[in-house]
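Protein chains: 2
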Amino acid sequence: MNPLSPTARTRLGRLPERSSTDRSVLYEILDDGMICHLGLIVDGSPRVIPTAYGRLDDTLYLHGSTGASSLRAGPSQDICVTVTHLDGLVLARSLFHHSINYRSAIVYGTPRPADGDEKLTGLRVITEQLTPGQWDVARHPDRKELAGVSVLALSLDEASVKVRQGPPGDEEEDYALDVWAGVLPVTQTFGAPAPDPLLRPGIPIPGHITQRVTS
Amino acid sequence: MNPLSPTARTRLGRLPERSSTDRSVLYEILDDGMICHLGLIVDGSPRVIPTAYGRLDDTLYLHGSTGASSLRAGPSQDICVTVTHLDGLVLARSLFHHSINYRSAIVYGTPRPADGDEKLTGLRVITEQLTPGQWDVARHPDRKELAGVSVLALSLDEASVKVRQGPPGDEEEDYALDVWAGVLPVTQTFGAPAPDPLLRPGIPIPGHITQRVTS
Numbered sequence: 001m002n003p004l005s006p007t008a009r010t011r012l013g014r015l016p017e018r019s020s021t022d023r024s025v026l027y028e029i030l031d032d033g034m035i036c037h038l039g040l041i042v043d044g045s046p047r048v049i050p051t052a053y054g055r056l057d058d059t060l061y062l063h064g065s066t067g068a069s070s071l072r073a074g075p076s077q078d079i080c081v082t083v084t085h086l087d088g089l090v091l092a093r094s095l096f097h098h099s100i101n102y103r104s105a106i107v108y109g110t111p112r113p114a115d116g117d118e119k120l121t122g123l124r125v126i127t128e129q130l131t132p133g134q135w136d137v138a139r140h141p142d143r144k145e146l147a148g149v150s151v152l153a154l155s156l157d158e159a160s161v162k163v164r165q166g167p168p169g170d171e172e173e174d175y176a177l178d179v180w181a182g183v184l185p186v187t188q189t190f191g192a193p194a195p196d197p198l199l200r201p202g203i204p205i206p207g208h209i210t211q212r213v214t215s
Numbered sequence: 001m002n003p004l005s006p007t008a009r010t011r012l013g014r015l016p017e018r019s020s021t022d023r024s025v026l027y028e029i030l031d032d033g034m035i036c037h038l039g040l041i042v043d044g045s046p047r048v049i050p051t052a053y054g055r056l057d058d059t060l061y062l063h064g065s066t067g068a069s070s071l072r073a074g075p076s077q078d079i080c081v082t083v084t085h086l087d088g089l090v091l092a093r094s095l096f097h098h099s100i101n102y103r104s105a106i107v108y109g110t111p112r113p114a115d116g117d118e119k120l121t122g123l124r125v126i127t128e129q130l131t132p133g134q135w136d137v138a139r140h141p142d143r144k145e146l147a148g149v150s151v152l153a154l155s156l157d158e159a160s161v162k163v164r165q166g167p168p169g170d171e172e173e174d175y176a177l178d179v180w181a182g183v184l185p186v187t188q189t190f191g192a193p194a195p196d197p198l199l200r201p202g203i204p205i206p207g208h209i210t211q212r213v214t215s
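Respectively, the protein sequence lines represent chains C and L.
Be aware that the first sequence starts at 1, since it is given in our numbering, and climbs by one per residue.
Be aware that the second sequence starts at 1, since it is given in our numbering, and climbs by one per residue.
The hints are simulated quantities; they were obtained by calculation from the structure and are not laboratory data.
All values derive from a computational prediction rather than experimental measurement.
Honestly, I wouldn't trust all of these hints.
No copy is singled out in the list; a pair is fine if it fits within one copy or between any two copies.
Taking lysine to aspartate or glutamate pairs in the EDC-like style, the calculated list, with each CA pair at most 20 Å apart, reads [said to hold, decoys possible]:
#: 1; residue 1: K144; residue 2: D117
#: 2; residue 1: K119; residue 2: D58
#: 3; residue 1: K119; residue 2: E145
#: 4; residue 1: K144; residue 2: E172
#: 5; residue 1: K119; residue 2: E173
#: 6; residue 1: K144; residue 2: E17
#: 7; residue 1: K119; residue 2: D136
#: 8; residue 1: K144; residue 2: D157
#: 9; residue 1: K144; residue 2: D31
#: 10; residue 1: K119; residue 2: D57
#: 11; residue 1: K144; residue 2: D115
#: 12; residue 1: K144; residue 2: E118
#: 13; residue 1: K144; residue 2: D170
#: 14; residue 1: K119; residue 2: D142
#: 15; residue 1: K144; residue 2: E28
#: 16; residue 1: K119; residue 2: D178
#: 17; residue 1: K119; residue 2: D22
#: 18; residue 1: K144; residue 2: D178
#: 19; residue 1: K144; residue 2: E171
#: 20; residue 1: K144; residue 2: D174
#: 21; residue 1: K144; residue 2: D22
The following block holds chain C by itself, in its conformation from the complex (with noise of 0.2 Å):
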């Protein structure tokens, strides 16, 4: 697995202790997340949108149809995609070194249409990424519907990774003050499943989703 190489987009000028140049921390980044923020210039003006996507070895998969009209519309053009997992609230004695426990990769590149068969493949990555299992449960999209979806492929070539975990750290001189230090932790949780309204009677909600339920 070749390491990220840094380049002049992806060098980290703040705390570059922060930044990993392992590949599989950003396949972890990647594959821990469900919703990425696509970045695109739009009229001369930046623009972030969320929307789906997921990762097959070196390419990202990005459901186009979100914001598409102005990746379509244009020639190809730079994009930037960035997941963030918020893992806790670092919260020291002094508001100075309040901080927040993050895990983030951002990725640049110019992305290619998914056509044929690569469009089917980055629509099944997407799917899975979101809910593992349910490719293989749902009906797939006929011709008409897969015209309708576009699917963007962005190569893996050039990203960085930045990664906060642990306690706070502080001044010397603020160890010995009356003020509770720690780490409040995040998480990303799954309620129960609530069925459609519309659901037949009879139909049992599938293992690969009950199995997803924070107990």
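Given chain C, work out where chain L should sit, using these hints.
Chain L in isolation, oriented as in the chain C frame:
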């Protein structure tokens, strides 16, 4: 409270029925979040950075240290700030109608640096957005610490919100399929606070933190 007026940037192309011009919806979405995704243009490329923020009336304060080098370096420039809540995975009978329940706010504008008293106000607002009650217990920044952070102020003049909630909508003929359909709710929850290993004995976890823990 004046409504959100559509501009060329905030007018929604796709699924306009998911938009709202109700400013109170914008406030709710912003007030519910802990991090935003800040989009800016650096050397001609879009860049999306997660960062902390807070809202006071019609001003968004952004913690400017992360990525601030890019913002400080150039002249004042357009940015885009997006806050997204992932509320649920919408599982339909057909893959085409799979969706995500979410609430998102997108704010456009040119931020100005918050200086002097307003810098302190901005830091308070950002701190209280992440951990309400924390400003009153931790040591406040001294002059040197204040100089070491930057705070940006962005007006909520140009913003849009988009919300999707509720069950899936399937094609008429698919309701007969033997496929479970519904929503898997997603929530952000707080775990048990982890005290700093260097915490002096006898300092209890304050009530404003324990009360946030999901029971």
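Outcome of the hint check:
1. K144 - D117: within (15 Å within a copy, 58 Å between copies)
2. K119 - D58: within (16 Å within a copy, 42 Å between copies)
3. K119 - E145: For K119 and E145, only the intra-copy Cα distance (12 Å) is at most 20 Å; the inter-copy one is 51 Å.
4. K144 - E172: Between. Shortest inter-copy distance 16 Å satisfies the 20 Å Cα cut-off; intra-copy 65 Å does not.
5. K119 - E173: Intra 58 Å, inter 25 Å, cutoff 20 Å: neither.
6. K144 - E17: neither (49 Å within a copy, 23 Å between copies)
7. K119 - D136: within (17 Å within a copy, 53 Å between copies)
8. K144 - D157: Neither. Shortest intra-copy (33 Å) and inter-copy (40 Å) distances fail the 20 Å Cα cut-off.
9. K144 - D31: This pair counts as neither: shortest intra-copy Cα distance 30 Å, inter-copy 40 Å.
10. K119 - D57: within (16 Å within a copy, 44 Å between copies)
11. K144 - D115: For K144 and D115, only the intra-copy Cα distance (14 Å) is at most 20 Å; the inter-copy one is 55 Å.
12. K144 - E118: within (16 Å within a copy, 55 Å between copies)
13. K144 - D170: between (59 Å within a copy, 15 Å between copies)
14. K119 - D142: within (12 Å within a copy, 55 Å between copies)
15. K144 - E28: neither (35 Å within a copy, 38 Å between copies)
16. K119 - D178: neither (58 Å within a copy, 26 Å between copies)
17. K119 - D22: Result: close neither inside a copy nor across copies, 29 Å intra and 37 Å inter.
18. K144 - D178: Neither: 65 Å inside a chain and 22 Å across chains, both beyond 20 Å.
19. K144 - E171: between (62 Å within a copy, 13 Å between copies)
20. K144 - D174: between (64 Å within a copy, 15 Å between copies)
21. K144 - D22: The answer is neither: 41 Å in one copy and 35 Å across copies each exceed 20 Å.
Consistency note: the structure conflicts with the earlier hints numbered 5, 6, 8, 9, 15, 16, 17, 18 and 21.
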